[in-house]
Amino acid sequence: SQQGEEDPQALSIQEGENATMNCSYKTSINNLQWYRQNSGRGLVHLILIRSNEREKHSGRLRVTLDTSKKSSSLLITASRAADTASYFCATALGSSNTGKLIFGQGTTLQVKP
Amino acid sequence: DGGITQSPKYLFRKEGQNVTLSCEQNLNHDAMYWYRQDPGQGLRLIYYSQIVNDFQKGDIAEGYSVSREKKESFPLTVTSAQKNPTAFYLCASSIGIWGDYEQYFGPGTRLTVT
Numbered sequence: 001s002q003q004g005e006e007d008p009q010a011l012s013i014q015e016g017e018n019a020t021m022n023c024s025y026k027t028s029i030n031n032l033q034w035y036r037q038n039s040g041r042g043l044v045h046l047i048l049i050r051s052n053e054r055e056k057h058s059g060r061l062r063v064t065l066d067t068s069k070k071s072s073s074l075l076i077t078a079s080r081a082a083d084t085a086s087y088f089c090a091t092a093l094g095s096s097n098t099g100k101l102i103f104g105q106g107t108t109l110q111v112k113p
Numbered sequence: 001d002g003g004i005t006q007s008p009k010y011l012f013r014k015e016g017q018n019v020t021l022s023c024e025q026n027l028n029h030d031a032m033y034w035y036r037q038d039p040g041q042g043l044r045l046i047y048y049s050q051i052v053n054d055f056q057k058g059d060i061a062e063g064y065s066v067s068r069e070k071k072e073s074f075p076l077t078v079t080s081a082q083k084n085p086t087a088f089y090l091c092a093s094s095i096g097i098w099g100d101y102e103q104y105f106g107p108g109t110r111l112t113v114t
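Protein chains in written order, with the working numbering: chain A, 1 to 113; chain B, 1 to 114.
FYI, nobody ran anything at the bench for these hints, they're computed from the structure. Keep in mind that the hints are not guaranteed to be accurate.
[Said to hold, decoys possible] Simulated crosslink set (DSBU-like; lysine-lysine; CA at most 30 Å straight-line):
#1 B/Lys57 to A/Lys70
#2 B/Lys9 to A/Lys26
#3 A/Lys112 to B/Lys9
#4 B/Lys57 to B/Lys83
#5 B/Lys14 to B/Lys83
#6 B/Lys9 to B/Lys70
#7 A/Lys100 to B/Lys71
[Said to hold, decoys possible] These stretches of chain B come out as covered by chain A in the derived footprint (C-beta under 8 Å, 3 or more residues):
#8 17-28
#9 74-85
Glycine included, each C-beta is placed from N, C-alpha and C at the ideal position.
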C-alpha cells in the first residue's frame, strides 16, 4: 500500500472552476509537499506544509493539512488551461524513517478552455 | 541561470547494453537523487547522494549504478542487469538531504530499450 495516495486519479473541469485534489498518507510525517508535472517534463515544487501547520497559500493555491486524519488537500482556484498537469503529493517521513520523501501516484488535472 | 540539466532528452538502446544518463546542477546543492517514473505512476527512488563521494541505494537500486565525484554531477548508469529499463528517469537536487527541503528536478530522460 502507498504512503501517499491521491484522490481522484483524474479530474476534468472547465476553465474558471476550482480544482480540489486530496492526498492521504499512513505514517507520521515531518512535512508534506505538492509538486506539479507537465506532460513529459520534470516536477516543479509548489508548496511545502509542515506538520505543525494547518493551511498555506501561494497565489491561487491553497493547501490544507489535517494530521489527525492523515490527509492533505490542494485547491486551485479560478483554474486556467495552463493548470493542466499532473499533481503529486510527497510526504517527508519522520526522522525515525530516515526522513525520506515519498511520492504518491498523482492526480491528472485537465482544465478545458 | 541556475538549474539542473539532464541529457539526452531521449535515449534509445539495444537490450544488453549499458547506458549512462547525465545529470548536472549549478545550484550548489549537496544532495542529489535519481528517480524512475513509469506511465501513470509516481516516482520511485533509485539512488541518492548526500555529499560528494557518498551515495546510497534507494528503493529500486538493482541494475543501476551511480557515481558522485563532483558536487555538480551525479550520473546514472543503467546496466544490462536491469530487467525492465524502459522508463522516464528524473534527477533532482536539494540544499540538504530529504524532506525538509524542496527538490529541484531536471527535465528528465526518456530511455527506451528494445
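Do the hints match the structure? See the list:
1. For the proposed pair B/Lys57 and A/Lys70, the alpha carbon gap of about 28 Å is at most 30 Å, so the pair holds.
2. Among the hinted pairs, B/Lys9 with A/Lys26 is inconsistent with the structure: their alpha-carbon atoms are about 35 Å apart, more than 30 Å.
3. For a cut-off of 30 Å, the pair hint linking A/Lys112 to B/Lys9 stands: about 29 Å separates their Cα positions.
4. For the proposed pair B/Lys57 and B/Lys83, the alpha carbon gap of about 17 Å is at most 30 Å, so the pair holds.
5. Taken as a hint, the B/Lys14 and B/Lys83 pair is honoured in the structure, with Cα atoms around 13 Å apart against an allowance of 30 Å.
6. The hinted pair formed by B/Lys9 and B/Lys70 meets the criterion: a straight-line CA distance of about 22 Å does not exceed 30 Å.
7. Taking the CA atoms of A/Lys100 and B/Lys71, the gap is about 21 Å. The hint holds against a cut of 30 Å.
8. Under the rule that three or more residues need a Cβ within less than 8 Å of chain A, the assignment of the segment 17-28 of chain B is violated, with 0 such residues.
9. Counting residues of the segment 74-85 of chain B whose CB lies closer than 8 Å to any CB of chain A gives 0, which falls below the minimum of 3, so the coverage claim is violated.
Violated hints, listed in ascending order, are 2, 8, 9; each of the other numbered hints is respected by the structure.
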